[in-house]
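So the sequence shown is residues 1 to 566, counted in the working numbering.
For the record, the hints were derived by calculation from the structure and aren't laboratory data. Using N, Cα and C, we set each Cβ at its ideal position, and we do this for glycine too. Hints should not be assumed to be uniformly reliable.
[Claimed, not checked] Derived DSS-like pairs: lysine-lysine, alpha-carbon spacing no greater than 27 Å straight-line: (1) K239 to K275; (2) K131 to K195; (3) K307 to K391; (4) K233 to K244; (5) K166 to K195; (6) K289 to K200; (7) K477 to K406; (8) K289 to K195.
[Said to hold, decoys possible] Here are the simulated distance ranges between beta carbons: (9) G478 to K195: 57 to 67 Å; (10) P230 to L252: 33 to 43 Å; (11) P230 to D340: 34 to 44 Å; (12) L252 to E116: 37 to 47 Å; (13) D343 to G478: 56 to 66 Å; (14) I559 to G232: 37 to 47 Å; (15) E434 to P179: 42 to 52 Å.
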Amino acid sequence: NPSSDLRLSDVEAPQIITDPNLFKWDDQADLVIAGLGGAGIAAANEALDQGLSVIGIDKTTGGGSTAKSGGVYYAGGGTPIQKEAGIDDSPENMFNYLIQETGNIIKESTLKKFCETSAENTQWLMDNGVKFNSSYYKKKSSYPDAGYFLYHSDNSLVPSYMENAKPAARGHRGWEEGPFRPIGVGGTIFYPLKKSALKKGLRLYTQTEARSLVITETGKVVGIKVLVLPSGKIADKHKQLMSKGDSLQMLLPPSYPGASLLQFIGGLFIKRAEKIERNHRQVRYIQAKKGVCLSTGGFIFNRAMVKEYAPKYFAGMPLGTSNDQGSGIRLGQSVGGETDHMDRVTAWRFLNPPLAFAQGMVVNQAGKRFCNEMVYGATLGDAMCENNEGKAYLVLDAALYDEAKKQASVALPFQRDMARMLMYFNSRKKSTIEDLAKVYGIPIEDLSLSLEEYNQSAQNKMPCKFGKAAEDVKELKGPFYIMDISIDSKLAPLTTLTLGGLKVNEETGEVLNLEGKEIRGLYAAGRTAVGVCSNIYVSGLSIADCIFSGRRIGQNLDIKEVNHGI
Numbered sequence: 001n002p003s004s005d006l007r008l009s010d011v012e013a014p015q016i017i018t019d020p021n022l023f024k025w026d027d028q029a030d031l032v033i034a035g036l037g038g039a040g041i042a043a044a045n046e047a048l049d050q051g052l053s054v055i056g057i058d059k060t061t062g063g064g065s066t067a068k069s070g071g072v073y074y075a076g077g078g079t080p081i082q083k084e085a086g087i088d089d090s091p092e093n094m095f096n097y098l099i100q101e102t103g104n105i106i107k108e109s110t111l112k113k114f115c116e117t118s119a120e121n122t123q124w125l126m127d128n129g130v131k132f133n134s135s136y137y138k139k140k141s142s143y144p145d146a147g148y149f150l151y152h153s154d155n156s157l158v159p160s161y162m163e164n165a166k167p168a169a170r171g172h173r174g175w176e177e178g179p180f181r182p183i184g185v186g187g188t189i190f191y192p193l194k195k196s197a198l199k200k201g202l203r204l205y206t207q208t209e210a211r212s213l214v215i216t217e218t219g220k221v222v223g224i225k226v227l228v229l230p231s232g233k234i235a236d237k238h239k240q241l242m243s244k245g246d247s248l249q250m251l252l253p254p255s256y257p258g259a260s261l262l263q264f265i266g267g268l269f270i271k272r273a274e275k276i277e278r279n280h281r282q283v284r285y286i287q288a289k290k291g292v293c294l295s296t297g298g299f300i301f302n303r304a305m306v307k308e309y310a311p312k313y314f315a316g317m318p319l320g321t322s323n324d325q326g327s328g329i330r331l332g333q334s335v336g337g338e339t340d341h342m343d344r345v346t347a348w349r350f351l352n353p354p355l356a357f358a359q360g361m362v363v364n365q366a367g368k369r370f371c372n373e374m375v376y377g378a379t380l381g382d383a384m385c386e387n388n389e390g391k392a393y394l395v396l397d398a399a400l401y402d403e404a405k406k407q408a409s410v411a412l413p414f415q416r417d418m419a420r421m422l423m424y425f426n427s428r429k430k431s432t433i434e435d436l437a438k439v440y441g442i443p444i445e446d447l448s449l450s451l452e453e454y455n456q457s458a459q460n461k462m463p464c465k466f467g468k469a470a471e472d473v474k475e476l477k478g479p480f481y482i483m484d485i486s487i488d489s490k491l492a493p494l495t496t497l498t499l500g501g502l503k504v505n506e507e508t509g510e511v512l513n514l515e516g517k518e519i520r521g522l523y524a525a526g527r528t529a530v531g532v533c534s535n536i537y538v539s540g541l542s543i544a545d546c547i548f549s550g551r552r553i554g555q556n557l558d559i560k561e562v563n564h565g566i
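Let the hints inform the model, and build the full structure from the sequences given.
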């Protein structure tokens, strides 16, 4: 029974009608998009390019997690920006790298198409007003320094990955004038696309919530029921209250001292906004003549859903927007849509910068190393949460600790502050490895053996058993420092976002039902659907998937309508 999947959500059961032509609609368009973030705005632009009419619905004014992000777009295969920077890449090389990250989460043919169209999609973004820059940051880092816009946002510089693909910088950070900022840079990608879509004829319903789908007796999706906040002073007040509430609640990681007070005060503003919604929102029915696109993001801020589907990651810090409630997924389920990989969450444990952290040793609760510390942060986080019960500890010696302090002082502010929080408030110093093990109840023999093996690799100037390059394996001598970098470490929050969602036809973006058949008139994109980044995340891959999956819907609407009919 699909309606049993509506719990933990405000989504309602679908409304069934006999004849769409006799139903009293308040508005209509060829494509109606629920959720206007990166995927939604890509679908809108593409559908408009195809000569279709589009209505976009968003609970805010649009942007979603894409606009709030660091603005990294993962692209390769010879993009205009790569070529300008003199970087040699090809769709085949990009595929050979990415298949190591995606595994079998999507079909190989889909990944090939993603890689083959990557350069074209980058040009499409630029044609729609998005600006990139070819200033190339060559070192491995979680985020490029100020003044750099192209970097290795993945594991391509890690030796084991280099065995299968030649390294190529594919992280394209959106370019903008003005002072450098790492948060909200995603607006450099979203807002030009929004501006472009509005010029082409996109009509917007802002501060509007999608509550249920409208279907025919045969199960075809023909429209959507929404709750609209009328424009004017009331809508302005609602926007101000939500903005204040969100800002306060996002100011500190939930585990930090003082965060609970900010959560409480922010919640008061949000409750006032919700009261306005209850008193003033109006029901509207919008007909979707060719299809409805569900692109409302993931469900990381729906903590009850996270606890149910991905309990391993419940202790992590949610990353995204407060509207990542899984409503699009629930709308899809309400008409029989199937979900997959709902337990997949990306968890970001970035160590570098400072580089000295990644040159140290990470062990689990049993005192054993479990990965190359130089890997991309989400790869480390995944290994920690999936295979080591979310427990991990960083071990440094005095030399690396001092070097980390120096390196942190010249890092970006958010990187510097996280490193200092670890070093000054979350580290314990001990003279011997035996005393160090006792700090977190780690077996002394196992930790000692891990240290001995690690130091042997350093002394022999050899890569370690996890493939860490010899120059990054540093001999560790007492006194030692240990830092708790586990998922539940209060002073080292682990950012998380959901990757699973609705199963779709990978050629068209149509939502599939439990029998694996397409639900007519229903599409999904971005984090509402299973996509390219649903196995392992690397920076920029989610936005890239949003563009890829969003455009796919716009490109297939007319074709599917002809095939399906009413």
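Are the Cα atoms of K289 and K200 separated by 27 Å or less?
With a Cα-Cα distance of about 19 Å, the restraint between K289 and K200 holds, given a limit of 27 Å.
Distance restraint between K166 and K195, which requires alpha-carbon spacing of 27 Å or less
37 Å, violated
With 33 to 43 Å as the target window, see if P230 and L252 comply at their CB atoms.
With a Cβ separation near 35 Å, P230 and L252 satisfy 33 to 43 Å, so the hint holds.
Quick check: does the Cβ-Cβ distance between D343 and G478 fall within 56 to 66 Å?
41 Å, violated
Is the hinted pair K233 and K244 satisfied, with a Cα-Cα distance of at most 27 Å?
Distance of about 17 Å is within 27 Å: holds.
Would the hint linking K239 and K275 be met if the CA-CA limit is 27 Å?
Cα-Cα ~13 Å, so holds.
Does K195 sit within 27 Å of K289, going by the straight-line distance between their CA atoms?
Roughly 24 Å between the alpha carbons, so the hint for K289 and K195 holds.
With 34 to 44 Å as the target window, see if P230 and D340 comply at their CB atoms.
39 Å, holds
Would you say the C-beta atoms of I559 and G232 sit inside 37 to 47 Å of each other?
41 Å, holds
How does the Cβ-Cβ distance of E434 and P179 compare with 42 to 52 Å: does it lie in that range?
This hint holds: roughly 49 Å between Cβ atoms.
Given the hint of 57 to 67 Å, check if G478 and K195 actually sit that far apart at their C-beta atoms.
With Cβ atoms ~59 Å apart, the hint holds.
Given the hint that K477 pairs with K406, test it: the Cα-Cα distance must not exceed 27 Å.
The hint holds at about 19 Å.
The structure shown violates the earlier hints numbered 5 and 13.
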